[in-house]
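Engineer: Following the hints, put chain S in place on chain P, whose structure we already have.
Residue numbers (the working numbering), protein chains in the order written: chain P, 1 to 223; chain S, 1001 to 1217.
By construction, these hints were calculated from the structure, which means they are not laboratory data.
Just to be clear, a hint being listed does not mean it is correct.
Stated by the list, open to error - Covered stretches of chain P, as calculated for chain S (at least 3 residues, CB under 8 Å):
1. 69-83
2. 149-163
3. 197-205
Quantities reported herein were computed from a predicted structural model and do not represent experimental measurements.
Backbone N, C-alpha and C fix where the C-beta goes; we use that ideal spot for every residue, glycine too.
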Amino acid sequence: MLQLLSDLVHWLTSSAQWSGPGGITARLLEHIQYSLLATLAGAVLALPLGLFIGHTRRFAFLAINLAGFGRALPTVGLVTLVFLAGGLSMWPVYVALIALAVPVIVTNTYAGMTAVDPDVTDAARGVGMTGFQVLWQIELPLALPLVMTGLRLAMIQVVSTATIAAYVSFGGLGRYIFDGLAQRDLVQVLGGALLVAALAVLLDLAMAGVQRSLFRHRPADAS
Amino acid sequence: MTAIDWAWFPDHIGDMTTLTLDHLSIAVPAVLSGLVIALPLAVVAHRVRKLRGLILGASNVLFTVPSLAFFVLLLPVTGLTRGTAITGLTIYTLVVLIRNTVEGLDSVPAHAREASLAMGSRPLRTLLTVELPLALPVIMAGVRVATVMTISLVSVASYIGYGGLGQLFTDGFQRSYTTPVIAGVLLTLLLALLADAVLVAVQYLCTPWARHRTKEA
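Isolated chain P, as found in the complex (with noise of 0.2 Å):
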């Protein structure tokens, strides 16, 4: 146990380990690309959907019934599928990804939106603002913290499943753990795992960073 933890830290500091094509900073690059395209594409989809869901309060049971299906969607089933009908790119893991992401963003943007008291939203209505300024003025600066939750849970489970990538032969941090799978070499692929859950942990403070920043006006409201 004692070896093992010495070759892990000898594995993550040699220099050697940290340069070249291969190397913990070119495959920290190709995670975080992979994780933030993902993560952007699912709130591009997801974020209009959440807010029209939440907006007209109609079609609920489709943000309901999508976290659930999400939920259930095996990722790696789904890979293998899309890998199988469109062949060797990065589309089978950037779909993979965002079916992960898009279902979180969506339920947590609704929850955040039925959140809004309703007194408030009849208010605005009633000194005339239209519909449309209800949910940029009113509603979506009101539901923005759950709607931050949504993408910050969202991001950690796609940096951590963007592993994935490795299994389709891309890069990212997950080469290390399928390399060392199956090359029998526990140190790389305990490398591989820790650097994966830093970089969602340190990915995840962030966005609370930028979450602070956003609502530096009313700390009480930031989570």
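Structural biologist: For chain S alone, kept in the frame of chain P given last:
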């Protein structure tokens, strides 16, 4: 892309049944042991304010480790066994189960707890007969999420040979054959749906007071 090979299905009913049962034999113990670990931890987090952040934070960090890595990391401890798959998934259920149980206990009205204590119940009895039953709807919501998530995650354990229906994904991937993959995805979704329905029924049976309330209203 090759079309779905329908002839595959009747030929493999036996395999699909075996794999489905195998899938359940990993998912069910994982959720149950998750509950056994999560409940006491959640009670501690609910009672001891100082430990709350630590317990919730630790379970959050565990959630960020890729599930595949968990299985591999457990290999030296538990070996290439079913136990490895179950342990890895158990750890994954903790974040949802602990968070929901703490939230459920927090939502119990203080007067209910105080009334029970005033009537002479000891704290443990109050916990078991008043607080946990009142927190049950929120706890069950967590159990449902954890169960559906676990059923979907079992397939990741196919890399260590215990993936239940996930074996169909590896099989299809290696042979570039789409049909078993589609079957695996569909069966996983179906299994998750059924398990969720069973849990809704269990909750209905376990909370008779909630039913009476709706009848009176």
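Engineer: Confirm or reject each hint.
Structural biologist: Evaluation of the provided hints:
no.: 1; hint: 69-83; result: holds (count 12)
no.: 2; hint: 149-163; result: holds (count 5)
no.: 3; hint: 197-205; result: holds (count 4)
The structure is consistent with each of the numbered hints, conforming to all of them.
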